[in-house]
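Protein chains in written order, with my numbering: chain A, 1 to 316; chain B, 1 to 546.
In short, the hints are calculated from the structure, not lab data. Just so you know, these numbers come straight off a predicted model, no measurement behind them. Cβ atoms here follow ideal geometry from the backbone N, Cα and C, with glycine treated the same way. One or more of the hints may lead you astray.
Partial pick of chain A residues on the chain B-facing surface, computed with a CB cut under 10 Å [unchecked claim]:
id, residue
1, Q278
2, C296
3, F316
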Amino acid sequence: MSDVPLKKETNTLDVAEVESRIKALCQQFPHGITDQVIQNDMPHLEPQQRAMAINKLLSLGQLDLLRNSSGLLYRMKDMQSASKMKGSDNQEKLVYQVIEDAGNKGIWSRDIRFKSNLPLTEVNKILKNLESKKLIKAVKSVAASKKKVYMLYNLQPDRSVTGGAWYSDQDFESEFVEVLNQQCFKFLQSKAEAARDSQQSPMVQRNSSFGTSHEVWKYICELGISKVDLSMDDIETILNTLIYDGKVEMTIIAAKEGTLGSVDGQMKLYRGVNPVLQPTGLVRTPCGLCPVFEDCHEGGEISPSHCVYLSEWLDF
Amino acid sequence: MTAQEVRLCGLLLREHFGEVVEKVGSHLLRGGAQNLRTIIHETGLPLDLVKKSLCVLVQHGACVFSSGRKGPGSPTEYRTSCDWILRILRYPRYIYTAKTLYGDTGELIIEELLQRGHLTMSSTVKTVADRLTQNMEEGRCMDYSEVSSAFSKLVETHFLQRCPTMVGAGTSASATPSTPATPGTPATPVSTAVPTPESFPDCYKVPHVTLLGRGKRQLSSEDGEDQRNAKKAKLDSQTHGDEGICWQVNFERFHLHFRDQAIVSAVANKLDQTSSEIVRTMLRMSEVTTSPTASCTKPLSANEIFRSIPTSYNILRPILDQYLTLLVDDPMEFVGKTGESGGGMFVVNLHRALANLARATLESVVQERFGSRSARIFRLLLRKRHLEQKQVEDFAMIPAKEAKDMLYTLLSQDLVQLQEIPKTPDFAPSRTFYLYTVNQLPTARMLLQNCYKTVANLIERRLFETKESKRLLEKSQRIEAILASLQASGAEPEQLTEVEEMITAPEKQQLDALRVHINKLDSAENQVDETIFLIESYVTSTASPS
Chain A
1 MSDVPLKKET
11 NTLDVAEVES
21 RIKALCQQFP
31 HGITDQVIQN
41 DMPHLEPQQR
51 AMAINKLLSL
61 GQLDLLRNSS
71 GLLYRMKDMQ
81 SASKMKGSDN
91 QEKLVYQVIE
101 DAGNKGIWSR
111 DIRFKSNLPL
121 TEVNKILKNL
131 ESKKLIKAVK
141 SVAASKKKVY
151 MLYNLQPDRS
161 VTGGAWYSDQ
171 DFESEFVEVL
181 NQQCFKFLQS
191 KAEAARDSQQ
201 SPMVQRNSSF
211 GTSHEVWKYI
221 CELGISKVDL
231 SMDDIETILN
241 TLIYDGKVEM
251 TIIAAKEGTL
261 GSVDGQMKLY
271 RGVNPVLQPT
281 GLVRTPCGLC
291 PVFEDCHEGG
301 EISPSHCVYL
311 SEWLDF
Chain B
1 MTAQEVRLCG
11 LLLREHFGEV
21 VEKVGSHLLR
31 GGAQNLRTII
41 HETGLPLDLV
51 KKSLCVLVQH
61 GACVFSSGRK
71 GPGSPTEYRT
81 SCDWILRILR
91 YPRYIYTAKT
101 LYGDTGELII
111 EELLQRGHLT
121 MSSTVKTVAD
131 RLTQNMEEGR
141 CMDYSEVSSA
151 FSKLVETHFL
161 QRCPTMVGAG
171 TSASATPSTP
181 ATPGTPATPV
191 STAVPTPESF
201 PDCYKVPHVT
211 LLGRGKRQLS
221 SEDGEDQRNA
231 KKAKLDSQTH
241 GDEGICWQVN
251 FERFHLHFRD
261 QAIVSAVANK
271 LDQTSSEIVR
281 TMLRMSEVTT
291 SPTASCTKPL
301 SANEIFRSIP
311 TSYNILRPIL
321 DQYLTLLVDD
331 PMEFVGKTGE
341 SGGGMFVVNL
351 HRALANLARA
361 TLESVVQERF
371 GSRSARIFRL
381 LLRKRHLEQK
391 QVEDFAMIPA
401 KEAKDMLYTL
411 LSQDLVQLQE
421 IPKTPDFAPS
431 RTFYLYTVNQ
441 LPTARMLLQN
451 CYKTVANLIE
461 RRLFETKESK
471 RLLEKSQRIE
481 AILASLQASG
491 AEPEQLTEVE
501 EMITAPEKQQ
511 LDALRVHINK
521 LDSAENQVDE
531 TIFLIESYVT
541 STASPS
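Throw the hints in and build the complete structure from the sequences for me.
This is how it looks when you write it as structure tokens:
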């Protein structure tokens with residue numbers, strides 16, 4: 001008979017001890033511990049007691065429950081974030097968890113609903129609540145301007161959401177792109193001219209008229225016209241638009257891994273080129289640029305004999 | 001044989017040969033090969049007029065005849081083609097090329113031949129000598145031998161060729177001096193194919209012609225007309241040993257020359273002068289060895305090129321090698337390397353060069369018509385073939401709204417096509433990929449038709465302007481004639497000024513404006529013709545099986 005209270009005492013003692021033991025184990029393994037680990041540590045612990053201890057810790061918000069491929073994982077929760085959630089109920093915690101998991105790409109409200117299985121009204125209420133507590137924020141996606149994605153307050157939105165360096169406040173900065181475009185072109189053009197004027201053998205001329213993407217990037221950075229830091233990839237997209245303008249051509253050469261600006265053992269070289277053809281004959285006549293070309297017939301309302309564009313052009 | 005082509009051919013025929021020939025020509029264009037009776041019946045013209053028109057067309061190489069479809073006994077059929085008639089548009093360019101290559105003599109020879117169609121060597125030489133003598137100072141005249149040598153040079157470089165002689169069994173077509181039946185007409189069945197000039201081995205052989213003499217200066221006396229006629233008759237009666245051998249302009253050769261010119265100037269624009277000279281040398285060396293439809297010239301070794309470059313450029317051998325390497329590495333691929341023997345074997349990639357030039361033409365049309373951003377999108381699509389709308393915006397770095405607008409404009413003008421790739425068999429719009437693409441060949445063809453329409457518009461406008469001011473032009477012509485006669489008869493200056501004042505000042509202004517307009521329209525026609533030539537060469541180069 002006297003064993004029973006003793007056992008009970010040891011049980012309660014055990015529970016607190018178990019909890020602290022589990023917490024210590026969590027701290028030891030910051031990636032998380034499985035049931036197996038706890039069992040190894042305290043082999044005499046019954047599964048029921050273990051489960052009770054874990055549930056208590058979970059409800060206190062000191063432990064995180066995760067699932068991975070092999071089973072359940074328990075991880076120590078950050079004390080700070082645990083304090084934040086004080087006063088929130090479970091649903092809010094769940095929504096917060098879902099948003100946190102989305103990382104810096106953010107998550108759409110409909111996706112939150114799917115993941116948490118909560119009705120729409122609930123989700124909206126919770127989101128408003130969290131926003132007022134300054135725990136999450138809404139970021140407008142640049143792809144669909146009506147769509148709002150939610151992410152944690154202190155996270156930087158990912159490039160795909162904001163559009164990267166070319167967008168500021170969801171607006172595509174065309175003037176910025178234009179200015180960069182012209183600056184890059186001027187740099188490459190002056191390089192080509194310098195090479196041409198140097199009057200050396202043609203091979204040397206051509207090679208010196210090339211500029212690597214790294215050089216262009218350095219030049220643009222030094223110019224300081226950009227408020228945002230531009231990476232070499234950004235510069236390469238600008239240089240690609242110059243290629244599509246027909247002003248610049250690109251070749252790729254194999255370069256040693258260590259050389260400046262080489263990516264995966266290759267380097268991209270750009271040089272300014274001249275156009276291959278002058279504006280063609282057709283566009284020197286008004287008919288080549290006429291907006292009503294299709295409707296023009298002899299004897300009709302619009303005809304060559306009475307064409308206004310032709311008259312103006314002839315009197316020019 | 002599209003509607004635009006037929007319209008343009010009709011206008012050209014009317015301007016150069018008159019309404020009757022135009023009627024017959026247009027009818028042949030629309031109806032295909034027809035025999036004489038059908039033509040007479042359907043155009044409603046009298047027999048002799050139709051006969052004469054057909055003569056004119058055959059003389060100028062715009063029409064060919066062959067025996068009928070049903071066999072050798074059926075009436076001959078006449079056939080024409082748009083290409084032959086559209087060449088008329090290019091006559092000024094041919095004459096100008098001859099002038100740059102062979103001077104005034106060459107220019108006049110080509111002009112005479114273009115005007116007359118087919119002509120014997122002796123008559124050409126005489127006429128040209130007379131014309132040149134007209135323009136020289138008093139006391140000097142042009143010797144026939146100079147003109148003959150220019151003629152021979154033209155034949156050597158294949159710019160002129162002999163007209164094909166028709167082996168015909170009783171062709172009812174006219175006894176034009178250009179196509180006499182060879183003596184002893186064979187009784188074998190006549191092939192239905194029209195013999196080309198090239199199929200004759202003597203195509204480029206200059207006949208031995210005895211031409212001694214010099215050009216005669218025409219006297220501008222009162223009865224000069226009659227005297228001249230009398231003289232002409234006397235001259236014609238002399239024989240020079242080349243009867244029956246008529247010559248015509250070899251248009252294909254001129255076209256090859258234009259194509260070479262276009263390639264050389266493109267290289268000069270893209271790279272530099274020296275590279276263009278190297279390419280010019282390469283093309284010159286392969287002028288007569290490469291067939292017109294070849295996709296690249298015959299391989300030339302670097303040694304040969306080095307020997308053939310004009311010494312005035314002073315290019316050293318290692319420098320030449322470097323230039324050749326640069327030409328081969330250029331993304332435009334004008335020149336290719338096919339082997340290593342002889343210091344490297346190089347060819348000029350003709351078809352690829354033409355394709356690149358056609359692409360540049362398309363791009364320039366889009367740029368001038370729609371702006372440089374649309375041109376950016378166009379070039380992007382040409383490079384990347386198929387792109388979605390979002391990808392177009394990203395690559396071209398143009399805001400989404402504007403990019404969408406530009407793409408739709410290009411789509412409505414048929415310069416860009418839409419390719420649908422469905423995810424589900426029911427082509428539901430939300431589950432289909434829509435890809436934008438540019439097909440170079442169909443777009444080039446469409447642009448070609450636009451060019452034809454443009455030239456026809458310009459010609460019509462020119463005719464309209466002339467018609468409007470017809471009264472004024474007649475008046476000015478009359479006044480000029482009066483002035484000329486007064487001057488010839490030695491009038492005083494007061495009489496001359498009196499006559500000149502018959503034209504009032506505003507009328508003079510109008511006349512000047514009219515002259516400016518007509519010149520502008522003429523030069524515009526020539527410029528559009530350059531575009532036509534480029535695109536036509538590209539389209540024909542893709543049509544050939546190589």
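Checked hints:
1. Q278: holds (8 Å)
2. C296: holds (7 Å)
3. F316: With a closest approach of 9 Å, the A:F316 hint holds.
Hint violations for this structure: none, all hints satisfied.
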